[in-house]
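Start from the sequences and build out the full structure, keeping to the hints where you can.
Protein sequences appear in the order of chains U and A.
Start counting the first sequence at 599; every next residue gets the next number (our numbering).
Start counting the second sequence at 18; every next residue gets the next number (our numbering).
Source of the hints: derived by calculation from the structure; they are not laboratory data.
One or more of the hints may lead you astray.
Residues from chain A that face chain U, not an exhaustive set, calculated with beta carbons under 7 Å [as the list claims (entries may be wrong)]:
#	residue
1	M18
2	Q62
3	E110
Simulated pairs of lysine-lysine, DSSO-like, Cα-Cα distance not exceeding 30 Å [what the hints assert, rightly or not]:
#	chain 1	residue 1	chain 2	residue 2
4	U	K712	U	K697
5	U	K698	U	K710
6	A	K61	U	K693
7	A	K61	U	K690
8	U	K693	U	K710
9	U	K712	U	K693
10	A	K61	U	K710
11	A	K212	A	K104
12	U	K712	U	K690
13	U	K710	U	K690
14	U	K710	U	K697
15	A	K61	U	K712
Backbone N, C-alpha and C fix where the C-beta goes; we use that ideal spot for every residue, glycine too.
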Amino acid sequence: MTPARQRLLFISLIVMGLIFVVFFGVRFVHTFREFNGHRPRHFSQLQSAPAETDVTLIRDWMTIGYLSHAYQLPPDLLYEALNIPPNGNEHKSLKQLNKKYYPEAPGIVVEKVKAAILANQPPQSPLTPDTPGPPATAIPPVKP
Amino acid sequence: MTDFLLTQIINYGTPILGAIVFIGAIGAPFPGTLIVIAAGAFSKQGILPWATTGLIALTCVVLGDSLSYGMGYYARDRILQRFQNSKRWAQAESTFYRWGGMSVFWTRFLITGIAVPVNLIAGTSDFRFRRFILYDLIGECIWIFGYGGLGYLFGNQWEVVSNFLGNVSGLALGLLLLVAGIVLAVRWLKATQLKTNS
Chain U
599 MTPARQRLLF ISLIVMGLIF VVFFGVRFVH TFREFNGHRP RHFSQLQSAP
649 AETDVTLIRD WMTIGYLSHA YQLPPDLLYE ALNIPPNGNE HKSLKQLNKK
699 YYPEAPGIVV EKVKAAILAN QPPQSPLTPD TPGPPATAIP PVKP
Chain A
18 MTDFLLTQII NYGTPILGAI VFIGAIGAPF PGTLIVIAAG AFSKQGILPW
68 ATTGLIALTC VVLGDSLSYG MGYYARDRIL QRFQNSKRWA QAESTFYRWG
118 GMSVFWTRFL ITGIAVPVNL IAGTSDFRFR RFILYDLIGE CIWIFGYGGL
168 GYLFGNQWEV VSNFLGNVSG LALGLLLLVA GIVLAVRWLK ATQLKTNS
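Here it is, written out as structure tokens:
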């Protein structure tokens, strides 16, 4: 390899390296902040998979079957909400269902599914077992 | 592509996951790390059986890596015909023999973007298959069970984990390119200085 080519090679490597480092470095810092805010579930909670409740996690690649499993709701309820038959649609993603049944309204299937899940979720108890109760000293003793 | 693959995994389960990691290991540009982390989360939800899924995915990815090593191995004759008398080829081969194990190991889970070229180079060079498979197996165990385990641990937050690890991988590749460039630059400067002194 000629010296000129060698020079071209190391300059290209350094430039590409710098571009990668800056680009992914910035993204790394952003995602680190996001990642740092999340914690894995406690080990005792790992043994059982509780029903999902957060509808913001619904994506258009998900299927009705998957959502029914994750949110522990009967699939027929979701098909009814979308006003579509279950037969032939078991393996279709929400995006595919949207394209097939509501081509004029992009994103409507996700919205309808979110609404149906929210409407059919069991009511949340105000105090979960993990929520600490008020301290014992917070209530002043009642004087006779 | 990613959305399509995720839908297929939740529809058809472990066999599709195995096929994806196998095809990814022979060079298809699939988002393998994201898929493995998602599979961990699906195992947590009870969609995939974690032990079977892990073992099948590990077997498939190691088979894929072995196949791409084999492609390099069978292309060796053609490459040697061209570079047999090249001093640089011999130098590159001995360098890979020295550092090849670590290259195979780290590219299984951290710098996954260059895993397939490393497999091909390992097959083409004098790097023994037994050594390759040892480093490959250890690295892929970290990829499948470590990354998949993170998906399992973080459950529905797997997308955050995947974004984070994707950026770690890109950053590592950038640092690798930068270090390689600096090493070559230092060598070039030394050679130029020697020339001017003599």
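We went through each hint and held it up to the structure:
{"no.": "1", "hint": "M18", "in the structure": "violated, 11 Å"}
{"no.": "2", "hint": "Q62", "in the structure": "holds, 5 Å"}
{"no.": "3", "hint": "E110", "in the structure": "violated, 16 Å"}
{"no.": "4", "hint": "U:K712 x U:K697", "in the structure": "holds, 18 Å"}
{"no.": "5", "hint": "U:K698 x U:K710", "in the structure": "holds, 15 Å"}
{"no.": "6", "hint": "A:K61 x U:K693", "in the structure": "holds, 24 Å"}
{"no.": "7", "hint": "A:K61 x U:K690", "in the structure": "holds, 22 Å"}
{"no.": "8", "hint": "U:K693 x U:K710", "in the structure": "holds, 12 Å"}
{"no.": "9", "hint": "U:K712 x U:K693", "in the structure": "holds, 14 Å"}
{"no.": "10", "hint": "A:K61 x U:K710", "in the structure": "holds, 26 Å"}
{"no.": "11", "hint": "A:K212 x A:K104", "in the structure": "holds, 20 Å"}
{"no.": "12", "hint": "U:K712 x U:K690", "in the structure": "holds, 17 Å"}
{"no.": "13", "hint": "U:K710 x U:K690", "in the structure": "holds, 16 Å"}
{"no.": "14", "hint": "U:K710 x U:K697", "in the structure": "holds, 14 Å"}
{"no.": "15", "hint": "A:K61 x U:K712", "in the structure": "holds, 22 Å"}
Against the hints set out earlier in the document, violations occur for numbers 1 and 3.
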